[in-house]
Amino acid sequence: DAGVIQSPRHEVTEMGQEVTLRCKPISGHNSLFWYRQTMMRGLELLIYFNNNVPIDDSGMPEDRFSAKMPNASFSTLKIQPSEPRDSAVYFCASSGAGGWLEQYFGPGTRLTVT
Amino acid sequence: AQKVTQAQTEISVVEKEDVTLDCVYETRDTTYYLFWYKQPPSGELVFLIRRNSFDEQNEISGRYSWNFQKSTSSFNFTITASQVVDSAVYFCALRSGLRGGADGLTFGKGTHLIIQP
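Keeping their order, the protein sequence lines are chains A and B. Each residue of the first sequence is one higher than the last, beginning at 1 in my numbering. Each residue of the second sequence is one higher than the last, beginning at 115 in my numbering.
Read the hints as simulated data drawn from the structure, not as lab findings. Quick reminder that beta carbons are idealized off the backbone N, C-alpha and C, glycines included. One thing to keep in mind: the hints can contain errors.
Listed next, the in silico DSSO-like pairs over lysine-lysine satisfying Cα-Cα at most 27 Å (straight line) [as the list claims (entries may be wrong)]: (1) A/78 - A/68; (2) B/184 - B/117; (3) B/223 - A/78; (4) B/117 - B/152; (5) B/152 - A/24; (6) B/184 - B/223.
What the simulated footprint calls covered on chain B by chain A, stretch by stretch (three residues with Cβ under 8 Å from a Cβ of chain A suffice, anywhere in the stretch; the number is not a length) [stated by the list, open to error]: (7) 150-159; (8) 218-231.
Chain A is faced by these chain B residues, among others (derived, beta-carbon under 10 Å) [said to hold, decoys possible]: (9) 147; (10) 163; (11) 164; (12) 205; (13) 207; (14) 209.
Chain A with its partners taken away, still in its complex shape (with noise of 0.2 Å):
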């Protein structure tokens, strides 16, 4: 079975460029999630969703942020405009129907704003 699928896996962009970071959960999982590694912060989660539909955007950082899943096979989060502390590694992960259970991640977008 293939993992979580993210793309792209590297991008690197000028600072006010909108940047669209693209997510495919795995097949069958009902719950999304995405999340930000930095070393300052560590790994925070920015938003989720669950049978494609957002139950918590406490996370995101700002209006800039924003996040879809426009069916169960895709998710997409978009920063306009990007600024340099919007770098980092930006994961997203799927679980199964039964919260409890565990989440798999994707590869990462290594985001660099310049």
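On the provided structure of chain A, position chain B as indicated by the hints.
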């Protein structure tokens, strides 16, 4: 609010030594779930184990073992006879049992484990 503390920022041992990674958590939930993840130098996050709050049985998987103690709010991870391939950052994480457990994870800051040959 939930919190996970991994007080050991970095541990360095020589291969074949045993090593224990500490994890202390805080939560007001009566039902919750604890996890350990491994992040090798390649950067991916690899699931190792899940423990439910109502199951305090310790677990052993090969050279890995986990000690869950609700009385001290700890969920420690021991590697026996460590190997160079165990070198990685290890994260302890907590998930609320509210909403059926369908919440995100609260991570500790991680412990960087270095196994020297």
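Subject >> Supplied contact hint for residue 164 of chain B, tested at 10 Å Cβ to chain A >> reply: holds, 5 Å
Subject >> residue 163 of chain B as chain A interface residue, shortest Cβ-Cβ below 10 Å >> reply: Cβ of residue 163 of chain B sits 8 Å from chain A, so the hint holds.
Original post:
Is residue 184 of chain B within 27 Å of residue 223 of chain B, Cα to Cα?
Top reply: holds, 21 Å
Original post:
Does the structure keep residue 184 of chain B and residue 117 of chain B at a Cα separation of 27 Å or less?
Top reply: With Cα atoms ~15 Å apart, residue 184 of chain B and residue 117 of chain B stay inside 27 Å; holds.
Original post:
Hey, does the residue 205 of chain B contact hint survive, CB to chain A under 10 Å?
Top reply: This hint holds: residue 205 of chain B lies near chain A, its Cβ roughly 7 Å from the closest one there, short of 10 Å.
**OP:** Double-check residue 209 of chain B for me: the hint is only fine if its C-beta lies closer than 10 Å to a C-beta in chain A.
**Re:** Where the cut-off is 10 Å and the nearest Cβ of chain A is about 7 Å from residue 209 of chain B, the hint holds.
Original post:
Does residue 117 of chain B pair with residue 152 of chain B here, judged by a C-alpha cut-off of 27 Å?
Top reply: Distance of about 19 Å is within 27 Å: holds.
Original post:
Per the coverage rule (Cβ-Cβ under 8 Å, at least three residues), is the region 150-159 of chain B covered by chain A?
Top reply: holds (count 4)
**OP:** Would you mind confirming whether the straight-line C-alpha gap from residue 223 of chain B to residue 78 of chain A stays at or under 27 Å?
**Re:** Status holds; Cα separation ~26 Å.
Original post:
Is it true that the CA of residue 152 of chain B sits at most 27 Å from the CA of residue 24 of chain A?
Top reply: The hint holds at about 22 Å.
Original post:
Close enough to count: is the Cβ of residue 207 of chain B nearer than 10 Å to one in chain A?
Top reply: holds, 8 Å
Subject >> Outcome, coverage hint (the region 218-231 of chain B, chain A; C-beta under 8 Å; three residues) >> reply: holds (count 7)
In summary, the structure agrees with every hint in the numbered list given earlier.
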